[in-house]
Amino acid sequence: MSIKKIYLDYASTTPIAEEVKTDIKSVLDNDLFGNPSSLDHEYGSLVNELIESSRTDVAKLINADGDEIIWTSGATEANNLALMGFAEFKMKDRPLRIASSFIEHKSLLSLLWSSNKKDIALNLLLQIMMVTSIPM
279 MSIKKIYLDY ASTTPIAEEV KTDIKSVLDN DLFGNPSSLD HEYGSLVNEL
329 IESSRTDVAK LINADGDEII WTSGATEANN LALMGFAEFK MKDRPLRIAS
379 SFIEHKSLLS LLWSSNKKDI ALNLLLQIMM VTSIPM
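Numbering-wise, our numbering puts 300 at position 22 of the sequence shown, and it's gapless, one number per residue.
Hints may contain errors.
DSBU-like, lysine-lysine: derived pairs with alpha carbons at most 30 Å apart [claimed, not checked]:
id : residue 1 : residue 2
1  : LYS384    : LYS370
2  : LYS299    : LYS283
3  : LYS303    : LYS283
4  : LYS338    : LYS283
5  : LYS299    : LYS338
6  : LYS338    : LYS368
7  : LYS282    : LYS303
8  : LYS282    : LYS299
9  : LYS384    : LYS299
Ranges between beta-carbon positions, derived for each pair [stated by the list, open to error]:
id : residue 1 : residue 2 : range
10 : THR354    : ASP318    : 27 to 33 Å
11 : THR291    : LEU359    : 19 to 25 Å
12 : LYS283    : ASN341    : 23 to 29 Å
13 : ILE348    : ARG375    : 23 to 29 Å
What the hints contain is simulated information worked out from the structure, not anything from laboratory work. Don't be surprised by glycine CBs; every beta carbon is placed ideally from N, CA and C.
Take the sequences, apply the hints, and build the full model.
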């Protein structure tokens with residue numbers, strides 16, 4: 279009898295869906311490896327077109343405009359961009375207060391911790407997993 283393995287660390291990554299594998303294989307089989315910022319040659323132009331087409335597809339899925347979709351290299355860059363963009367938008371003329379917990383991604387905690395020394399007041403909630411209600 280064969281035991282089926284189950285992957286449980288979805289916090290760090292997820293298994294690749296079959297349709298994604300197919301698309302990745304298609305990209306690799308068609309030599310789409312150029313730098314999308316290098317538009318002066320075919321390799322870069324083709325990859326740029328693929329990325330922009332993907333941006334349009336994702337935007338349609340979430341009812342957004344293509345220019346609202348920003349690709350990042352991973353969680354750290356995305357968290358920094360999201361938090362600092364939000365803070366910049368909200369901190370017009372008053373300090374910003376952010377409540378967070380120690381179960382956040384390390385990149386977010388590092389950013390919050392360094393921001394705490396600036397104009398952002400940080401409240402870290404202890405034992406967040408045990409809180410069932412917040413008294414008013």
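query: Which of the numbered hints are not met once you compare them with the structure shown?
result: Numbers 4 and 12 - these are the hints that the structure violates, sorted from lowest upward.
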